[in-house]
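Asker: Protein chains in written order, with the working numbering: chain B, 1 to 109; chain R, 110 to 227.
I should point out that these hints are in silico values taken from the structure, not numbers from a laboratory. For every residue, glycine included, the Cβ atom is placed at its ideal position computed from N, Cα and C. Incorrect hints may appear among the rest.
To be verified - Footprint (simulated), chain R over chain B, 3 or more residues, beta carbon under 8 Å:
1) 16-30
2) 40-52
3) 95-108
Said to hold, decoys possible - Output of the computed footprint for chain B on chain R, the stretches with three or more beta carbons under 8 Å from beta carbons of chain B:
4) 120-126
5) 141-155
6) 189-202
Take a look at the letters that make up each chain.
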Amino acid sequence: LAKTTQPISMDSYEGQEVNITCSHNNIATNDYITWYQQFPSQGPRFIIQGYKTKVTNEVASLFIPADRKSSTLSLPRVSLSDTAVYYCLVVPAFQKLVFGTGTRLLVSP
Amino acid sequence: AAGVIQSPRHLIKEKRETATLKCYPIPRHDTVYWYQQGPGQDPQFLISFYEKMQSDKGSIPDRFSAQQFSDYHSELNMSSLELGDSALYFCASSLPRDAGTPSYNEQFFGPGTRLTVL
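The shape of chain B in the complex, shown without the other chains (with noise of 0.2 Å):
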């Protein structure tokens, strides 16, 4: 399985756009970058998930670019309670989720 990177932390303010880039090198073709959500004491939820170009709903938008060795996760005008861990995964379809250490964004007033 493919493993990636992501900044262990970010900080950002309310009504901010925030980005979080995820390398993924070993990427294979079958993989999809899947992102998820986590609040403490709760389970992951999942936000996005795309194969290649741009993807988006209604609560993020998903960059990946043409080599898909990297994505990024773009949140728009974050609140507080955007404040959780953000995991970036690659895996192919329906199958485990493999969890690396996600990014806690921290999202003050």
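Start from chain B and add chain R according to the hints.
Answerer: Only chain R this time, still in chain B's reference frame:
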């Protein structure tokens, strides 16, 4: 909307005791995954079931076993508990593979069972 149900939510056991954790997936979901998250750690995959058959196995100790029943609920059985087994145990479920969803890796997690071994 219905969510994944886990019981019990909290469990306190002594060393060498046994524990059984239960998971009720979202209706129509046919795959169940179990994850363990120790204090300050990231979630680690334990085992999964697809259509009541074990589909994958991760770093699950031999002291642990699990199964999925005909109604798709799953149970994680843990024996000879050790202090290091203290953790949050999450169950997740996912839609059938032919459901047509574009999110192939969207798993729906339950609230978890917090196991404390004393």
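Asker: Decide, hint by hint, whether the structure agrees.
Answerer: Going through the hints against the structure:
no. : hint    : verdict
1   : 16-30   : violated (count 0)
2   : 40-52   : holds (count 7)
3   : 95-108  : holds (count 8)
4   : 120-126 : violated (count 0)
5   : 141-155 : holds (count 6)
6   : 189-202 : holds (count 3)
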